[in-house]
Amino acid sequence: MKQTLVVIGNGMVGQNFLAGLAASSAKENYDIVTFCEEPRAAYDRVHLSEFFTGKTAADLSLVEDGFFTANGITIHLGDRAATIDRELKTVTSAKGITVSYDKLVLATGSYPFVPPVPGHDRPQCLVYRTIEDLEAMQAAAKTGKIGTVVGGGLLGLEAAKALRDLGLQTHIVEFAPRLMAVQVDEAGGVMLRRKIEALGVTVHTGKNTSLITDGETCVNKMCFADGEELETDVVLFSAGIRPRDDIARGCGLEVGQRGGIVIDNQCKTSDPAIYAIGECALWNGMIYGLVAPGYAMARTVVADLNGEAASFNGADMSTKLKLMGVDVASIGDAHAKTQGAMVYTYQNGASEVYKRLVVSQDKKQLLGAVLVGDASGYGTLLQYCLNGIELPENPDALILPHRSDESVGLGPDALPAAAQICSCYDVSKGVVCAAVEAGCTTVNALKAETKAGTGCGGCVPLLKSVLNSELAKQGYEVNTDLCEHFPYTRQDLYNLIRVEEIKTFAELLEKHGKGRGCEVCKPTVGSILASHWNEYILKTEHLGLQDTNDTFLANMQKDGTYSVVPRITGGEIRPDMLIALGQVGKKYNLYTKITGGQRVDLFGARVDQLPAIWKELIDAGFESGHAYGKSLRTVKSCVGSTWCRYGVDDSVGLAIALENRYKGLRSPHKIKFAVSGCTRECAEAQGKDVGVIATENGWNLYVCGNGGMKPRHADLFATGLDKATLIKYIDRFLSFYVRTADRLQRTSVWMENMEGGLDYLKSVVIDDKLGLCGQLEQQMQYVIDTYQCEWKTTIEDDSKLKRFRHFINSDQPDDNVVFVEERGQIRPAVAGDERKHFTLVEVA
Amino acid sequence: MAWIDVCGSDDLQPDSGVCALVAGQQVALFYLPEEGTVYAIHNYDPFGNANVLSRGLIGDINGQPVVASPLYKQHFNLETGVCLEDETVQIPVYKVQIDGARVKVNSEASS
Ligand SMILES: Cc1cc2nc3c(=O)[nH]c(=O)nc-3n(C[C@H](O)[C@H](O)[C@H](O)COP(=O)(O)OP(=O)(O)OC[C@H]3O[C@@H](n4cnc5c(N)ncnc54)[C@H](O)[C@@H]3O)c2cc1C
Ligand code: SF4
Ligand code: SF4
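Just so you know, the sequences run in chain order Y and Z.
For the first sequence, our numbering gives the first residue as 1, with consecutive numbering after it.
For the second sequence, our numbering gives the first residue as 1001, with consecutive numbering after it.
Where hints are given, some of them may not hold.
Stated by the list, open to error - Just so you have them, the derived chain Z footprint on chain Y, three or more residues with Cβ under 8 Å:
id	segment
1	516-525
2	551-562
Said to hold, decoys possible - Taking lysine to any residue pairs in the SDA-like style, the calculated list, with each CA pair at most 25 Å apart, reads:
id	chain 1	residue 1	chain 2	residue 2
3	Y	Lys539	Z	Arg1102
4	Y	Lys95	Y	Thr83
5	Y	Lys503	Z	Pro1033
6	Z	Lys1073	Y	Pro813
7	Y	Lys95	Y	Phe68
8	Z	Lys1073	Y	Val520
9	Y	Lys558	Z	Gln1025
Stated by the list, open to error - So the derived list for chain Z, only partly shown, Cβ under 7 Å to chain Y, looks like this:
id	residue
10	Cys1007
11	Ser1016
12	Leu1021
13	Val1052
14	Asp1060
Since the hints were derived computationally from the structure, they do not count as laboratory data.
Every residue gets a Cβ at the ideal spot worked out from N, C-alpha and C, and that includes glycine.
The task is simple: from the sequences and hints, build the whole structure.
Written out as structure tokens, the structure is:
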């Protein structure tokens, strides 16, 4: 008969335990019941702050769809387990449900400690732990101007960044004399403080809050023991966590003096039928406030239930701060408490870098490290520390800046297969290598397959180097050269052209390439030159670089004829223009079709007909639609507030403005936009490179969506924008894409391959992390100012028109182009159609 | 062997192609001013079944001068007409003379 297993708490660790159990054979032995106090099942607390940057509760969920049903697990959502009766072996919930258990797992986590200062429960005094807490912060930030975080630890800094991003003037008040006192030593603390202040956050250290009371200019006023005061609207406590052991105390389980449910190496409490895991558990006098140790405990219990020998023997507490632009990491024994430990420090005040290594007496083992300002060595150092790898002869080489070419990094090959790459999900190098062997060739594929790198993300650089080294071993050439003529990537070439002000392919080839070029590098360079200098693409020196369609400013079809697509901005067209289009189509007997981008495509034009067709179109008021270019194609729109009953704003007007702004911009691949007038999203903006949706609070901007072969839902980039800000962000976004993407890389793939992904992109475009925004906007303005309709330029220049003939020495058309009729229009003749026969000269 | 006068040298497109009618045949002419060379091959793309090679991009692959078909991007050696992706396919090539300001093509395929 099946036994019953009850899990109290469905947080990160509780869920990790359930998932582990569901995947093991022990699952068959138990009916599983879990109590979840929060209104939703487990979500990713580690990435909680991303809730403010557009992630929804659903995005953060850690539970796969249908997980509970598929595994026969009963979950009581929004119901807190209130008491345990160890004699009867039952758990009773706040809502009055009683369940008998054979085995019980406590995964109740912890709660934020709020110091008992008088006034701590005043309005807008908040904590930072659950989604509800974040919603309260959002609401408070709407009315407030100033926010203060109490506590300058890891979490406090993250909370401060969140308050600042919510638009509040932000302060941190810390009791200790420095920030992150647990992880960082004094000198590191000084450097860290400067970094945090550079983010626009005011830091007060050595401050003891004695009272919170009515403010004069703000909702609250904080009074400190030294007599100083601080006016603030929001007070956010982040002064440490306390284990939630009340239910364990209530039934007489052993708890630690300062809290925490005491467990042994098998994670059993003082009652052998009851386990405790995660932040509520006290092992060897330690509470682990990180997720990885909790997962290790969960694995131990799953193994124990399977009858396998397993034991939790403590865990590593190394950490890396997740804040963009603030590199801080702490590894192992950062404070050199080990007997005989020796310390190396490197400090560079000018570039605000501080590094400290703690090594064993014999200088062979790395015991700990502190990195501030440059945490790029985190992965390598952590590997030395965790795997006991012997240090190089001069360990300080690991923290000194590299002045020569010699590399002191630990190559991935130096790591044993058992080396842990991802500590959040305990993924070893061996597992990563096996996944590469099984066909994962990108970091994203590895993430999906092994979960490595999906926790705090600190191991992604290491993961990437293991991947590259494995791929190289399997004979994949990890060669990023554009082609045999240029040993550079597209991004490198862009920078060379920009910095050295190179204006022609010939000049670039002479300075940086070899040979004559080919159909890979020529169009790539042609496109970069056009993006950057925006000269007429059929200028003699550029003409030979253009791809099939660009050379004749039209789209070549399978029989060598072309299709013609004039611009119809936003899909809006006056009846007389539509008639003009129809007349051209009729006169030249062109096949006519409506495109997916809300315009009209005219097919079957011979090369010699193109100028005449365009002359008529331009006279009728049309201009080039750039359908032939890797460039902005269309800005699709719905009819919006002008006509639609639900419309919130004028989507057509905005679409036309955007299309006119960016038309003609040459880019690594084609770019599509759409604008919807409300969240019903009739223009399908979330499937476009740039999508805009009107809301009551302003425009929401989505980026990097894609239809086509590999559809991708766009990511929400910024919300509630006015038109000027919207355009500023799009300018920067597009310029950055044009500068840094690979050849033929759509925005979706570009972003997915970018280290740091969406957050990084936001930090560049919104926070100007690279200090590039001025340049990016300027570049876009230059392109806008130098726009020309390429067809207008062409038909006005007789020397350019000479090429638009099938034969250079005859006015005859190509006799191989033959049409037949279908559904009342022309189409190219195919084999089997009755057609004029064409003979190719026999090959000798 | 007939040398046929087809066009002026200023009718050629530097680093690009044009098509000429030579005794009823379509011949693609590619002009590389750097080397002072003009290559002539038939204009018909046997993969795409269309007269388009004069509109392809030219360059070199492993030192061989080539044109890439504008339709499906197969490469053809400009000196021999052999397709790099499928050596069983070869298209006719022709001899060219630059005679002062005039371009002459030999109407007899030379391979
Ligand atoms: C903003 C933030 C950032 C963080 N960043 C990192 C990081 O970068 N790296 C890292 O390693 N860790 C980080 N952490 C810590 C990490 O989130 C925790 O270590 C982890 O969530 C612990 O998991 P847990 O299951 O023990 O507790 P929790 O995730 O808190 O889950 C406990 C759950 O049990 C529920 N519960 C409690 N009592 C009962 C009861 N009686 N009945 C029913 N349900 C109950 C609670 O409501 C809660 O949902 C961060 C935490 C926060 C808040
Ligand atoms: S997206 Fe909204 S405004 Fe636009 S057509 Fe649909 S319902 Fe109307
Ligand atoms: S989907 Fe395929 S067949 Fe249709 S237009 Fe695009 S490339 Fe051509």
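Which numbered conditions among the earlier hints are violated in the structure presented, ordered from lowest to highest?
Those not satisfied: there are none.
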